[in-house]
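Q: Residue strings, one per chain:
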Amino acid sequence: MCLHHRVLEGKMRKLTVLILLALLLTSVAPVIGQAGQAPAGTFYGAWPYFLPPDGHLNSFATGGPSGIGLYYRWVELPMAYFLRAQGEYEPWLAESWEFEGDEAFVVHLRQDAKWSDGNPITADDLVGTYAIGRILLWSDFNYVGEVEKVDDYTVRFHLANPSLLARHLILRTTIRSMAVYGDLAQKAMEVYASGANKDSESWLALQTEIKEFRPEVVVASGPFIYGLEDIGDSFMTLHWQPNSIFSETVKFGEVKIWYGETEAVTPLVLDGKVSYATHGFPPATDQAMMDAGLRIIRGPYGYGAAVYINHDKYPFSRPEVRQAMAMAIDRAESAFLTKGLSALPVQYMAGMADSLVELWLSEEDRAALNTYPYDPAAAEQLLLSIGFTRDANGKWLDDNGDPVVGEYIFQAEWADYGAAAQNAVEQLNDFGFQITGRAVQWQQLDEDLKAGNFTLTVRSWGAASPFPSDQFNQVLRTWNYPGLGEGQKGINFPMEFEWRGEQIDFGKLIADAGAGLDPEAQRPFVAKAAAIYNDLLPVIPLSEALANNPLNENLVSGAPADDDPIWLNGGGSVDNYITYLVMNGILTPGPEA
Amino acid sequence: MEATTSPQAVQSGWAAFWKATRRALTGYTARTLLQGLLTIWAVMTFTFVLIRQMPSNPVQIEAERIVREELVSYEEAYSRAASLFDFDPNQPIIEQYVEYLAKLIRLDFGQSITSAGTPVLDQILQYLPWTVFSVGLGLLISFTIGIFVGMAMAYWRGGILDNVVTALASILFGIPNYIIALLIILILGVQLKLFSVAEALGRVDPTIEPGFTPEYIGSVLSHAILPVVTYVSATVGGWILTMKSSTIATLGEEYVTVAQARGLSQWRVLTAYVGRNAMLPLVTRLAISIGFVVGGSVIIEDIYRYRGLGKFLTTAIVARDYTSMQGVFLVIAVSVVVANMLADVLYGALDPRVRVGKEQ
Amino acid sequence: MSISDSTILSVQDVSISYLAHRGKVRAVSRVSFDLHQGESLALIGESGCGKSTLNLGIIRLLPKTGRIDQGKILYTTRDGRVVDVLGLSEREMREFRWAECAMVFQAALNSLNPVIRVRDMVYDTAQAHGRHDRVQIRKRMLELFRRVRLDPERVFNAYPHELSGGMRQRVLLALGVLLNPQVVILDEPTTAVDILTQRTILEVLRELRAAMGFSIIFISHDLSIAAEMADTVATMYAGEIVEIGPVEELFYRPRHAYTLGLLEAVPKLSVGAQELVSIPGSPPDLIEPPPGCKFHPRCPFVTERCRREPPPLVEEAPGHRVACFESARVLAHSQPVR
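Those sequence lines, one after another, are chains A, B and C.
So the first sequence is numbered by my numbering: it starts at 350 and just counts up by one.
So the second sequence is numbered by my numbering: it starts at 4 and just counts up by one.
So the third sequence is numbered by my numbering: it starts at 149 and just counts up by one.
Calculated from the structure, these hints are not laboratory results.
All residues carry an ideal CB built from backbone N, CA and C; glycine is no exception.
Careful: at least some of the hints might be erroneous.
Stretch by stretch, here's where chain A covers chain B in the computed footprint (C-beta under 8 Å, at least three residues) [claimed, not checked]:
1) 54 to 67
2) 85 to 93
3) 332 to 344
All chains should be modelled from the sequences, with the hints used to inform the complete structure.
A: Below you can see the structure in the form of structure tokens.
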């Protein structure tokens, strides 16, 4: 009986194994039968895209293809891709381009590029795109005047205001098909030709018409395409199409984009269902993702947390006090507490990203910058030298004998900046200031900041833009009186002052740093602005934020090593490194895709 | 309103009209309707002003988003955002209000600010049915379980069921629903792999053609399981405990003893004398819950990527899409008001004492 | 099971207790009495003396914490069989209730389910006892309503809250005799109604009883009503019957100090209010009752013996039993009062 039992048990076990095997096989069975010559393999993205009716196919309006994050540029291609590390552009729909003196910027389109409907991509498409863009008040028109079709593949952008920024904006613009938007473009040209301006009724009416336009199909220039039926509530699907310049190079036949914000996407990422995500994950998730074996790409953002100062408040209005603060705060500690591994302490303290400092400033200029190393003793000496004293409890008193007190407000909802602020408060108080922190709802904080209704707060220094002038302006225009509305002071940092015996117009200096078409001509202005910023510290930069984008190497293969310069491109929607790697066929389906 | 076409009425037209109006207004139904309309108008006006007092505005928020996602300068982002939205931050609020009201009277909810060209009504119609379906189903299940289990516990007070469920219900009652949702996803989904966190989430499998097919309905139902289970576990404890205490109170009523003294069977006593009376206080709570069904369960919808009205509302709030927010708030206000009226009617049907009170 | 021919209900040596946190509450201890065919027995005593518990015990509807510790409740059915109510199955018990022994509760304010129409409660009751002919039931009920001087149609279709207290009491009374029971227990039937309604209720009760011949046990602390309605009166104190006898005997020649106290506490029209005497002290703790006679701490006739020894219930006059060592003194004291 015992024997019999054992035989039966053996049979059962065999059966169980067989069943399990069968189950395993069916679940792992590869997706076969992709239509046409589409490559096999799926890329799994994630994005909080719009669901119809908010989601539609008009890429000029929010909710259209332009609303699907970085994947938009897999559907509609720009003229060129900007390689940040080299400061150069890789030609995509454009073949070449040049400036014609200070007068114009000319783009030559590729002649072999086709739309998904089989039509060639021509100058008409580009001119039409800009005609509509003009009605929509694209910022390109801060620099561009007339847009002129030279021939079927050549377009001349007349420059109203010569700037390298014009090139940057134009080349990275996606071209739209006039098979879809032709009527609107025609009307746009007519309205513009009629002499109407942006406040005219015809202009505003057309603006509305453009925004409310709902095309039935997408005509794609990129290797992927989709329709309304592909937008599901939990994921949307992009399908490969054969007519793009990248159709032959991409290695994915399908792109599946999971819907969701960070909280919803996190379990998918941890469960290995996402090839790549650009969501900003908190440090705890960061660790969990590493534990789950995901590769984390930490591209620089070009900005990060800074101590914002109200220059109306004494003693913070004194440069020496700000310099002392810069030395009294340990930026390495600050960076780690702000975003864990996804932040670096700022090195040059020049108002622009450290990578840009190295790109733009000569070695000599860089050496002249004060890097404000963590040195409370030096900070103390500096304060003593301007007549500050310590009271019986070691707290600082200013030269009037008043204690150095102030409130430090921070964004209640922003965990990272909140941490940066609280740490700064702690370090400053250790140094002998008497600062109190207070959390404020973030939009309210912006209002307070604009109104000058604060003493200290935290916001970003720098910007994502690769241009130093944009980096300076993030602080000096966006949050300072020159760029703000009536009666708003922001940090109220004076833009005209005497510096080292010289009268400085800081606004003009920064403008000069971005003016003209010759980077070499801009360089000295950049260096001078950086030196002034470094000395006066309108705000005190603390750390530079890094992305923490998970890359699942089970789902994608071929990602370059961590030191590859492409990663410097960052995880934004435009010029995202993944876009470059996928279009050029560098990224291929991984073992599990 | 009653028509006044008699000759006398025509002669003194105004007086008759006034009389008829007054008679109609003093009617209970008409009064209730008017009250409801006034409530809705008040809520609408209040939210209209309030949401525009929130810091920032749609354009600034969108500009922030563009800066963050596309890594462009703030000024570029701002001008792009401004041109994309139908929103003039400088228009006086009173002017906006009059415009809105004029549209609303024609049942036009206006267009979304952040999604120009999309009528708010279309947005609401896209999300509302899913929320009503999932939260409504959850409420129904939760309420039903609560009634039966609560009653059984009161009946066998001190028994095993009572002790176990009381402990369980108190625990469930104390855990916020998002914790339950996260635990379900992380433990059942990611750890135990009982379901695929990728495919099980959302409202329906998008690869299935919508229609009255078994596949589609099956997919809709299976996708509703997680949100419904979460909603039920987060709310059922409250129903159970309320029903239990209400049943205990009812069991102590003399008419229950009298019913037993009359020789009625246990079942009859339990249903017609205990259950029905014990449920009365829960009806109001149920009506309020029904009213708030349309508001959805924001966090559950968020975590399960179940896109309903609650999730839509939070998105609209974050984006400061005033018209969309206004539309959703209006729908919520209407449904709460209607649910309350319904509760009155229902309560009247269940409890004759209230009915007479109203008529007097 | 010995029981005399005319006895319809014989309560023999019944004790009932409740479980409380502090211990066992002896609500009824060793109570015995016989109820004869057509007899009306009044139970009098202060609230909390165990009257209601005794009655709930008879139809076995004690609250969950209550239980009958000992005794027998013998009931003679119409066909002459004698059964012990305490030995009936749940099903038989259900049949017994209302069909054999109906109970009309105090004031009837809460005795009717507020959300159910009177007619539905009538049908419910009839159906529970296997009577499904609605036409017949309705006819009989309307007839009974007429007898208790109610507007039959209106009341039949009414909700309880649409009726006055007195009407509700009569509804319950009529409902109580719907199934023609042999015993009707009335728990304070006239407490919450005004004096005129009280009269009406007593009159219809008398008429019904004359017509249908049921026996009555009724609880009251209103001695005048007891005097008017009862054939026999039993005084209960602290869960015990301390005195029982024919109504004339008990009221005119009370032999227990407690009965005497109750009588002296009743205002009389003939004399002034200044002679009203209330019983000092309060009812005893039923978890730890005093030794000896439970009434002794409040008794003006108390002796040393009373404190030690519980007095037995002794028949001192025909049909008049009393549990008091000093009954002779009490009797002597009571005489000048009348």
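Q: Confirm or reject each hint.
A: How the hints compare with the structure:
As drawn, the segment 54 to 67 of chain B meets chain A at 6 residues by the rule of a beta-carbon pair under 8 Å; at three or more, the given contact holds. Taking a C-beta to C-beta cut-off of 8 Å, the segment 85 to 93 of chain B contributes 5 residues in contact with chain A, enough for the three needed, and the coverage statement holds. Taking a C-beta to C-beta cut-off of 8 Å, the segment 332 to 344 of chain B contributes 0 residues in contact with chain A, too few for the three needed, and the coverage statement is violated.
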